[in-house]
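Asks: Each chain is listed here by its residues.
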Amino acid sequence: DAKTTQPTSMDCAEGRAANLPCNHSTISGNEYVYWYRQIHSQGPQYIIHGLKNNETNEMASLIITEDRKSSTLILPHATLRDTAVYYCIVRGSNYKLTFGKGTLLTVNP
Amino acid sequence: DAGVIQSPRHEVTEMGQEVTLRCKPISGHNSLFWYRQTMMRGLELLIYFNNNVPIDDSGMPEDRFSAKMPNASFSTLKIQPSEPRDSAVYFCASSLGGGQPQHFGDGTRLSIL
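Those protein sequence lines, which keep their order, are chains A and B. Read in the working numbering, the first sequence has 108 at position 108, and its numbers run on one by one without any break. Read in the working numbering, the second sequence has 1021 at position 21, and its numbers run on one by one without any break.
Derived from the structure by calculation, the hints contain no laboratory data. Every residue, glycine too, gets a C-beta built ideally from N, C-alpha and C.
Some chain A residues close to chain B (C-beta under 10 Å, calculated; not the full set): (1) Y32; (2) P44; (3) Y87; (4) N94; (5) K96; (6) T98; (7) G100; (8) K101.
Computed beta-carbon distance windows for the label pairs: (9) B:P1061 x A:K52: 32 to 40 Å; (10) A:H40 x B:G1059: 20 to 28 Å; (11) B:P1054 x A:T98: 16 to 24 Å; (12) B:S1111 x A:I63: 36 to 44 Å.
If we strip away everything but chain A, and leave its shape as in the complex, we get:
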């Protein structure tokens, strides 16, 4: 599976949009981009995934560049409860999720 690169940490003001970037320049054509988050003392929580089209659900939006070498997870109106470590994972057709270190997003009041 392709490797991903994420910033170590980011800050966001409550109520503003949080934009979390991820680079995956070696992604293959059949590999999906998955996003999970882990709030302190909880298990990882699935957020969203996509192949090449932009995706939106009740939690977030996923924007994937046309060359698929990078993506951005958007939380449209961040709340204090969105403070967590966010993991960007590239996954092929197999079952494996390889978690990196992720981005610690801190939402400030």
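Model the placement of chain B on the given structure of chain A, informed by the hints.
Replies: Below, chain B alone, put in the same frame as chain A:
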């Protein structure tokens, strides 16, 4: 809907004791995963079951670790004998398979003294 249920949430035991962690996957999910999370190594996949059959156990650290899935609604991860370096948070996850997202339980925080 009930998510993945793990028990116990916390376990503290002495070195050399047997430890059994339990997991109830989401009903209807046919894939089950055990992960371990430590500060040093992050989240690591230990073993993957599909339709109750172990498919990939390459992440199991050593013979002291064993996992079973006797039916579609229950799995155990056993450590015998336990060692202090086994201290970690152990997560169970399940999915519908076929590349569908994995859904995680809240983990068991294990401390071996």
